[in-house]
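Chemist: Line by line, the protein sequences give chains P and A.
Just so you know, the first sequence maps onto residues 0 to 108 in numbering that gives the first Met the number 0.
Just so you know, the second sequence maps onto residues 0 to 325 in numbering that gives the first Met the number 0.
I should point out that these hints are in silico values taken from the structure, not numbers from a laboratory.
Everything numeric in this text was worked out from a predicted model, so none of it was measured.
Don't take each hint at face value.
To be verified - The list that follows gives simulated cross-link-like pairs (lysine-lysine, DSS-like), each with its CA atoms no further than 27 Å apart:
(1) P/Lys35 x A/Lys219
(2) A/Lys103 x P/Lys80
(3) P/Lys93 x A/Lys172
(4) A/Lys175 x A/Lys160
(5) A/Lys175 x P/Lys44
(6) P/Lys80 x A/Lys160
(7) A/Lys219 x P/Lys80
(8) A/Lys219 x P/Lys28
(9) P/Lys28 x P/Lys10
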Amino acid sequence: MPTTTNEISRKITRASTTLSKLEKKLDPKKATDKQKLAILKAKQKLAIKKQEMLAANIAESGKKYETVTQALDDASDQMEKTIEDLSKLAETLKTIGAAIDLLMKFKPA
Amino acid sequence: MKSAMSMTCRPISFLAAPLALAVLCLGLTGCGLTVRQQSAISKFSSTTRVLAEQVEDNLVQTRNDVVALRTGMLALNAGTVDLENASADLDAGLNVDELETRLKATGALRRFGMMLERLATDTQSGELQAASDQFVTSLRQVQGVNLSDAKAEAIAQVIGKIGGLWINAKRKKALKMVIVETRQPLQTLANLVANDFNPTNEQWLAVLTATHEEITDPLKSQLEFVVEGKHTKPEDDKSPKWKESEVTLRQHRYEALKLDAAARVKRAELISERMLRSVASFRGAHEDLFVIIQSPEVSLHRIDGYYAEIDSLIRLSRILAAKEKK
Numbered sequence: 000m001p002t003t004t005n006e007i008s009r010k011i012t013r014a015s016t017t018l019s020k021l022e023k024k025l026d027p028k029k030a031t032d033k034q035k036l037a038i039l040k041a042k043q044k045l046a047i048k049k050q051e052m053l054a055a056n057i058a059e060s061g062k063k064y065e066t067v068t069q070a071l072d073d074a075s076d077q078m079e080k081t082i083e084d085l086s087k088l089a090e091t092l093k094t095i096g097a098a099i100d101l102l103m104k105f106k107p108a
Numbered sequence: 000m001k002s003a004m005s006m007t008c009r010p011i012s013f014l015a016a017p018l019a020l021a022v023l024c025l026g027l028t029g030c031g032l033t034v035r036q037q038s039a040i041s042k043f044s045s046t047t048r049v050l051a052e053q054v055e056d057n058l059v060q061t062r063n064d065v066v067a068l069r070t071g072m073l074a075l076n077a078g079t080v081d082l083e084n085a086s087a088d089l090d091a092g093l094n095v096d097e098l099e100t101r102l103k104a105t106g107a108l109r110r111f112g113m114m115l116e117r118l119a120t121d122t123q124s125g126e127l128q129a130a131s132d133q134f135v136t137s138l139r140q141v142q143g144v145n146l147s148d149a150k151a152e153a154i155a156q157v158i159g160k161i162g163g164l165w166i167n168a169k170r171k172k173a174l175k176m177v178i179v180e181t182r183q184p185l186q187t188l189a190n191l192v193a194n195d196f197n198p199t200n201e202q203w204l205a206v207l208t209a210t211h212e213e214i215t216d217p218l219k220s221q222l223e224f225v226v227e228g229k230h231t232k233p234e235d236d237k238s239p240k241w242k243e244s245e246v247t248l249r250q251h252r253y254e255a256l257k258l259d260a261a262a263r264v265k266r267a268e269l270i271s272e273r274m275l276r277s278v279a280s281f282r283g284a285h286e287d288l289f290v291i292i293q294s295p296e297v298s299l300h301r302i303d304g305y306y307a308e309i310d311s312l313i314r315l316s317r318i319l320a321a322k323e324k325k
């Protein structure tokens, strides 16, 4: 079953809290380099996991942005067409005028 | 022939035609946009274009901030920067493709605002009047039509007026349809932008916050570990063995990086707060526009508030940009 980004986020937060508690319990004077290194590595791994989760979220919302872009482009195209259609009324008047002019040239003697 | 035609046609052309035009005029009166509706659409459109530009600038700025900070981290051999991992490299997932996807959306929003304003305000009246004048000039040449200058001018004006009313009625219908149909996409876009600029929402801006956190903790611990361990570096640390002087130099570099990160995050927080308010205003103003296109009596205060909010966002952006230059 695929894990959702919300679950991953919760897991990262939980792991981060556990790690912080562990670090607080550790006596800095008595802790060995190995213990310190293990905590450091865990922190780094968690930070990378968090960035991976963020990147997945960003890619996911990118798809939604694409859908919205398409809808807005369609609406703008529709408006552009309407503006062109509205301008055609003046064109129609001009055409009728031109047709009358043309008819006058062929008026019966 | 000539006199017969003029006798039968004149009463029709001088009585029936103006009457038909007047009836058509009455039918179209009230079908167009009111001044209030036109003003609301115009204000919303121009403000939305500016909002789209601000969103674009700040998306790019956030990515630049992340790249600058992570480059500094790489110079300190930070274990959380991995050039082989697209989510942990210099832009940490804020890659060019993702940025481009978002910029296409803001570009579409800008174009939408521009077309909305054109559709609401393009009167075509000059074009229409010129065509009407030309039409009447042609009409006067028709055998049997005898129009005085005053009558010809009056007819040209009526034709222009009817054309204008017809255009306005069509314009309003088209605007109403566009505003209703784009209600959902625009609200979705507002949500997406709000998510991207909310640092707690695990989206765009959160990458900058996470980078700041990496500098504050894993990187600090990594540098302390090297100092405390008296140069006994972790086995998998690929950086060369550090000398005492190098440790000091790196500590200085780290402090500078930490300050830089804090300043960039502070700037992003200030912009984020204002951006979220602006997007909320956009939502409200758009809701009002949706209502006002159907009923012109609605108050414009949310559209006016939206304008004021974007104005304040621009001011803040300018102040912060001026600070950076100093």
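Chemist: Are the hints correct? Go through all of them and say.
Modeler: To see whether the hints hold, each was checked on the structure:
1. With a C-alpha separation of about 13 Å, the suggested pair lysine 35 of chain P and lysine 219 of chain A falls inside the 27 Å cut-off, and the hint holds.
2. For the given pair, lysine 103 of chain A sits about 21 Å from lysine 80 of chain P by alpha-carbon distance, which is consistent with the 27 Å threshold.
3. Using a Cα cut-off of 27 Å, the hinted pair lysine 93 of chain P and lysine 172 of chain A holds, with the two alpha carbons roughly 25 Å apart.
4. A C-alpha spacing of about 22 Å is found between lysine 175 of chain A and lysine 160 of chain A, which places the hinted pair at or below 27 Å, so the restraint holds.
5. Between the alpha carbons of lysine 175 of chain A and lysine 44 of chain P the distance comes to roughly 53 Å, so the proposed pair goes past 27 Å and is violated.
6. Our distance criterion of 27 Å between C-alpha atoms is met by lysine 80 of chain P and lysine 160 of chain A, whose separation comes to about 23 Å.
7. About 59 Å separates the Cα atoms of lysine 219 of chain A and lysine 80 of chain P, which puts this hinted pair outside 27 Å; it is violated.
8. Taking the CA atoms of lysine 219 of chain A and lysine 28 of chain P, the gap is near 18 Å; set against the 27 Å cutoff, the hint holds.
9. For the given pair, lysine 28 of chain P sits about 30 Å from lysine 10 of chain P by alpha-carbon distance, which is inconsistent with the 27 Å threshold.
Of the hints listed earlier, those the structure fails to meet are numbers 5, 7 and 9, in rising order.
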